[in-house]
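Heads up: the sequence lines are chains A and B, in that order.
Position 27 (the first sequence) corresponds to 140 in the numbering used here; numbering is contiguous.
Position 105 (the second sequence) corresponds to 89 in the numbering used here; numbering is contiguous.
Everything labelled a hint here was simulated from the structure, so no lab data went into it.
Honestly, I wouldn't trust all of these hints.
[To be verified] Quick list of in silico lysine-lysine cross-link-like pairs, DSS-like style, CA-CA up to 30 Å: (1) A/Lys435 x B/Lys7; (2) B/Lys7 x A/Lys293; (3) A/Lys506 x A/Lys290; (4) A/Lys351 x B/Lys254; (5) B/Lys254 x A/Lys501; (6) A/Lys136 x A/Lys146; (7) B/Lys254 x A/Lys290; (8) B/Lys246 x A/Lys506; (9) A/Lys400 x A/Lys501.
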Amino acid sequence: MDLSYTDRQQAFRDELRAFLDEKLPKHLSDKVKLGQRLSKEDHEAWHATLQERNWLAGHWPEEHGGAGWNAVERHIFEEETTRAHAPRIVPFGIAMLGPVLMKFGSDAQKAHWLPRILDGTDWWCQGYSEPGAGSDLASLKTTAERDGDHYVVNGQKTWTTLAQFADHIFCLVRTRKEGKPQEGISFLLIDMDDPGIEVRPIVLIDGEAEVNEVFFNDVRVPAKNLVGEEHKGWTIAKYLLTHERTNIAGVGFASQALANLKRIAGAEMQHGRPLIEDPLFAAEVAKLEIALMAMATTNLRVVSAAADGSAPGVESSMLKVKGTVIRQEINNLTRLACGPYAVPFVSEALEPGSNIEPVGPAYAMPATAEYFNNRKLSIYGGSNEVQKSIIAKTMLEA
Amino acid sequence: MNFELTDERQMLADGLRRLLADKTDLKAVVEGKHPWSAESWAALAEMGVIGALFSEEQGGFGGAGFDLMVVFEEMGRAGAPEPLLEIVLAGGLIAELGSEAQTAHLEEVIGGGTQLAFAHGEPGSRYDLERVAAKARQDGDGWVLTGRKSVVANGGEADYLVVSARTSGEVDDREGISLFLVPNDVPGLDIRAYPLAGGGRGAELTFEDTPLPGEALLGAVGGAFAPIETAVARATCALTAEALGLMERSKDLTIDYLSQRKQFGQPIGKFQALQHRMSELLIEVEQARSAVINLAGHLDAPRDEREIHVSATKQLVGQTAKLVVEESIQMHGGIGMTMEYDLGHFARRLTMTEHRLGDTLYHLGRFARLRAA
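Generate the whole structure from the sequences, applying the supplied hints.
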């Protein structure tokens, strides 16, 4: 056992801090800190800044344009960027499709799509869930029928995050109706400019429309956009779910949110004293901090195992459940810390470029929206119930 | 012991449920087209719902804790945003303390023609009732008012405001707080109104050397703390009853969803993991109902006993509200997070009840202190 980072890892951390000091624009980190929504241009600008240094897809192998980070280095990157209030890297191309193409894509697909992810040519979104297929993803019904050199796609996807910004979507589609549901699914890359695609926003409980419904009506997709074998898309889906769950513990986000909570509880006054001095409130903050300290180590245990080459299995489910609950509880306490000023709900004030004066303290403005928005953490990427079933299956049916 | 509603209260509950089901347009509430519906307000007045919040000697025909409970549970069940709680607070204080000229307004209030708001909380007061920094100083026969009141529900729409201000003492003294009944168009009053997360609207009110006539004073100079605490106890009963109605409705929506939504070839309500969580929810909501009954039955008890119930009920209901909101959304999955589906509004409104009149941790501490005293 040795809890310290190596000299090389420490040097990497120092290098990152210097980079963030110099290259992360204050107007961006301020937006992240205040919980304001980021525009497409904000995301693109930050991606480009990272790409200049070759750190946008640091965990990709060097042959594909990455920096070849192992899981520990990737963890350090997450920790430092969240600490600095950098925008998160939009995961759909970098963290999700990229690794899928490297593992399952043809040489032609890798050569065509991977550079376009890195240089920002394509903005990807994920077409998985459907109205009738959420936790039971294998029951998906969007069909792709082969017609010469094309597939013809019909159906509907939902909860498609940031589809309003995207020009491409990777989809799970049904190519065969017979047999087990898992054995008739394929993985297709679709250009969203193709005729027959319609995107409709869904307004969520926090007032934002970050997710969408995507409709497909006789959309013709070139057959060369099939990734992997036909009918074998479920294997890719499972691989991607594991990748999606890497960093799902969100320790960096949680640490940043906890620091924010402490700042707010230090500024809010109760009975004429800072709220953080209230023993009951302080105890709630302390309980979360204790849980987070353990969580950070649980995460590092999993992460360093992955760095040694073993794949995250049931551990990633564990990280997802515990990590999301801790973040949600921090959001809950942050909302409570803001007191009555958590109630005014001026959604436009959170929009990019808004200069609406906050009603109360600026930190109170996004507290309620964030509490509600992050209820999604335990729902998406395989709900916490699905994760617990995976854990139970491993324990009880081995 | 008898836990049945009287026939009159049962009739009021049934009638109100029908009326609100008919009149409440959640789409309009969510889209914030108007803070609440003038048509609903008139219908509430006509049915006698506003009158049910006042005793007979005050010109109403109710006013007891169980009247508040019946009315507000139905308001919650409908997710209705009409500012009825402001009537309990501001109207209650006018009825309790008002001069003949001031209480004369109540007939209009009960008839639905006058809107009220209670401007008491301030940026630094959080949930403390005695912490008042706004100041009123005597000026000849009248008063001059200066200070800021924050997150005043219905503050931009009310015809009359009941405003608290310090006339003597330190910022957290119980002595020295006075009340004023003020029309909304006095000079030196700046109003910034905005939407609230649970529906309805609030406002920041800034008084800058606002001149008030002597007869604006409501009750005795410096003696407003005890009446404010009493009005807030009644409002806490109303607000927790509203939360109870919101919880009942969220629970019902979730039960319906568990029966209808199919995954893995069966309704998800067939999964034991979800069945147990739903059972837990039902048990906790029944506990919350008992807590609201406890408070409704002790509103006329001696001050210390009453206040122990205020904090006990607000604490338990706040804790249950969090459970109901989070579990209802989680068991619905993504659909529970959309504003197109009714649960979104109920979840927001229910969560926001914790940010009024003291949250769970505030009342946990207060309960312990009251018990130790």
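Status of each hint after checking the structure:
no.: 1; hint: A/Lys435 x B/Lys7; result: violated (43 Å)
no.: 2; hint: B/Lys7 x A/Lys293; result: violated (49 Å)
no.: 3; hint: A/Lys506 x A/Lys290; result: holds (27 Å)
no.: 4; hint: A/Lys351 x B/Lys254; result: holds (26 Å)
no.: 5; hint: B/Lys254 x A/Lys501; result: holds (17 Å)
no.: 6; hint: A/Lys136 x A/Lys146; result: holds (17 Å)
no.: 7; hint: B/Lys254 x A/Lys290; result: holds (26 Å)
no.: 8; hint: B/Lys246 x A/Lys506; result: holds (21 Å)
no.: 9; hint: A/Lys400 x A/Lys501; result: holds (23 Å)
Hint violations for this structure: numbers 1, 2, all remaining hints satisfied.
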